[in-house]
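Could you build all of it, start to finish, from the sequences and the hints given here?
Heads up: the sequence lines are chains W and D, in that order.
Numbering-wise (this note's numbering), the first sequence opens with residue 1 and increments by one.
Numbering-wise (this note's numbering), the second sequence opens with residue 1001 and increments by one.
Each hint should be verified, as a subset may be incorrect.
Chain D is nowhere near these chain W residues, computed Cβ spacing over 12 Å in every case [stated by the list, open to error]:
hint : residue
1    : Val38
2    : Val81
3    : Leu168
4    : Gly222
5    : Tyr226
6    : Asn266
Computed footprint of chain W on chain D; a stretch qualifies when at least three of its residues, placed anywhere within it, have a C-beta under 8 Å from a C-beta of chain W [to be verified]:
hint : region
7    : 1132-1146
8    : 1233-1240
These are computed hints drawn from the structure, not numbers from a lab.
We put the beta carbon where it would ideally sit given N, CA and C, even for glycine.
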Amino acid sequence: MTSTTAAPRGAESRPPTRPGPTDAAHAPSPIATSLGYVARKLGLFALTLWAAVTVNFLLPRLMPGTPADAALAKLAQNGPVSEATKAAIEAQLGVPTGNIFEQYLAYLHQVVTLDFGISYTFYPQSVGELVSAALPYTLVLVGLVTVVAFVLGTLLGVLAAWKRGTWLDSVPTLVGSFMSAFPYFWTALLLLFFAGYVLRLFPTSGAYGPTAEPNLSFEFFGDALYHGVLPALTILITSLGGWILGMRNTMISTLGDDYVTFAEANGLKPRTIALRYAARNAILPNLTSFGLALGGVVGGSILVEQVFGYPGIGYLLFNAVTNQDYPLMQALFLMITVSVLIANFLVDILYGVLDPRTRR
Amino acid sequence: MTTSLPPTTAAIRAPITAIGEAPSAWKVVVRVASTVWSNGKARIGLVMLALFVLLAIFAPLIAPYGASETGFERSADGSAAHWLGTTAAGEDVLSQLLYGAQVSIFVGLVAGLLSTIIAVLIGLSWGYVRGFGADVINFIVNLFLVIPGLPLMIVIAAYLSGGGIGMIIVVVVITGWAWGARVLRSQTQSLRSRDFVTAAVFSGERPFRIVFREILPNMTSLIVGNFFGAATAAILAEAGLEFLGLGDSTVVSWGTMLFWAQNSNALLTGQWALLFAPGLCIALLATSLTLINFGVDGISNPRLREGTKR
Chain W
1 MTSTTAAPRG AESRPPTRPG PTDAAHAPSP IATSLGYVAR KLGLFALTLW AAVTVNFLLP
61 RLMPGTPADA ALAKLAQNGP VSEATKAAIE AQLGVPTGNI FEQYLAYLHQ VVTLDFGISY
121 TFYPQSVGEL VSAALPYTLV LVGLVTVVAF VLGTLLGVLA AWKRGTWLDS VPTLVGSFMS
181 AFPYFWTALL LLFFAGYVLR LFPTSGAYGP TAEPNLSFEF FGDALYHGVL PALTILITSL
241 GGWILGMRNT MISTLGDDYV TFAEANGLKP RTIALRYAAR NAILPNLTSF GLALGGVVGG
301 SILVEQVFGY PGIGYLLFNA VTNQDYPLMQ ALFLMITVSV LIANFLVDIL YGVLDPRTRR
Chain D
1001 MTTSLPPTTA AIRAPITAIG EAPSAWKVVV RVASTVWSNG KARIGLVMLA LFVLLAIFAP
1061 LIAPYGASET GFERSADGSA AHWLGTTAAG EDVLSQLLYG AQVSIFVGLV AGLLSTIIAV
1121 LIGLSWGYVR GFGADVINFI VNLFLVIPGL PLMIVIAAYL SGGGIGMIIV VVVITGWAWG
1181 ARVLRSQTQS LRSRDFVTAA VFSGERPFRI VFREILPNMT SLIVGNFFGA ATAAILAEAG
1241 LEFLGLGDST VVSWGTMLFW AQNSNALLTG QWALLFAPGL CIALLATSLT LINFGVDGIS
1301 NPRLREGTKR
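Written out as structure tokens, the structure is:
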């Protein structure tokens, strides 16, 4: 943190919206600063986006073997593949041809038009169809749980820092750090074993019952909710600790700042100091992580989805990887990366609004 | 009041180092160890870690059977001969558990060290250089930071399929170094404006020496903390990849034990020990490292030391 944070602030001043005295002396008008900030971030975003898209293009080409080999190796298991068949398969699957620059242009065209061709594994379904079938499950399940975990964890973290040294601090910190050390898949396996197999409280696999048809009826929603309980619980248990610890540690830091001591000296109510002063400034790093976590929602939770056979994006990626389904894998990885990039960009902008010190 | 508090003792000591009287490495280790040990949580962590390391080292002596020794009754429950039962392939679960500790600790140690070395090299140079070079490093590190870790690991593991533990270490290091680099960089930036660095520059020291002999010793705690963090992440990542069957499934590790447990329907046969034990070990080992880090945090930030009120 810069020295401007340490400037004592009056009881009514709002730290995040007022630039420090040193900034004000030679700073251009606030609007110009904001526009410059957004433009700089936008430029960086575009550059990072391009780099990520290119990494996704290069990754399979840097590795031993080509996507075509993988597809043909699968066919070769059923007997020898003739040259004609090979050419036909390559044409059918849209295996890239031409030199690396032509391939790159073709790939960029695919990215822009969002047309990633046909899946090797789930032939003849297109990559687009598979993704749009899986996305809603992941978005609802992981998205909701992420929001709940963030709100609950941050509140518990505030409480732990404020009641430092009491059981309200030690219990959430110890339990939280123990729980975040749990391997996701193990928590999932244990819940599945006890609640699914031993007690038979919840279904053991899938996002809806074997007889249900995905539609917009209440029955289907109830069924989907019932199937979502265990995966949701797993993600909540393993992610809560991180939010608690993150919030607690930053808030202990802000509680030591001079403006908090000043507020105490002014005789403000402890709750006002905790929430309006310390927590308000301490939440910024957690907010960044939250933004990134929201971006990560699209990627789903690969391990949890795999254990529960939950048909989301993570499960799809796992299937694509184990079946060496390169078109599907590339599209999914690109989608996951780009969502995190967009979330990161939005968080940067939001951060600039909330904390003017970052708009240097 | 400055909000980023480096260890006061280190800041005072630093100019002396510049003259050439470096404190012996042994003294630094003792000082760091005693600060960490003085924290109650860290003490629990250190004891747990020591226990795991001893079990791993002496696994061949303690384990009742070989790790891949088959031929016992299949999917048996716990008994006097097999305390934790046997796997679906007829191996002794307890022996596998003990040998599995070797893999986790090895991967945690090697991957943690490698990521920390990369993080130190990149983070410190990045914090020291200015201008275009810093922008380029900034861009690369940010790219690694935003690309989601687990999907990247899985995709790389898929392309490098069948590489075994070495491949897992490579994947974990590629995806794990960037976070530490960023943390170390910001600390370097704040240290480089200190007087002792200016003094070193004026006395004509080369940048390489300034970064790694003057600045680096002041960040011992951050680097140690980074190592434990990276090792925890590596252990969890290794177990996750092996559980997904992306590692070498013939190696006996806690991750592969769970992989085989799920694939041989241990859930249906009700072998809770086979499901429970490897995961608990991973969780306990990872927790021990996290707990140690509570004590390490206390070195760099006295506010996080136990028993001190703000």
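Structure-inconsistent hints, enumerated in ascending order = none
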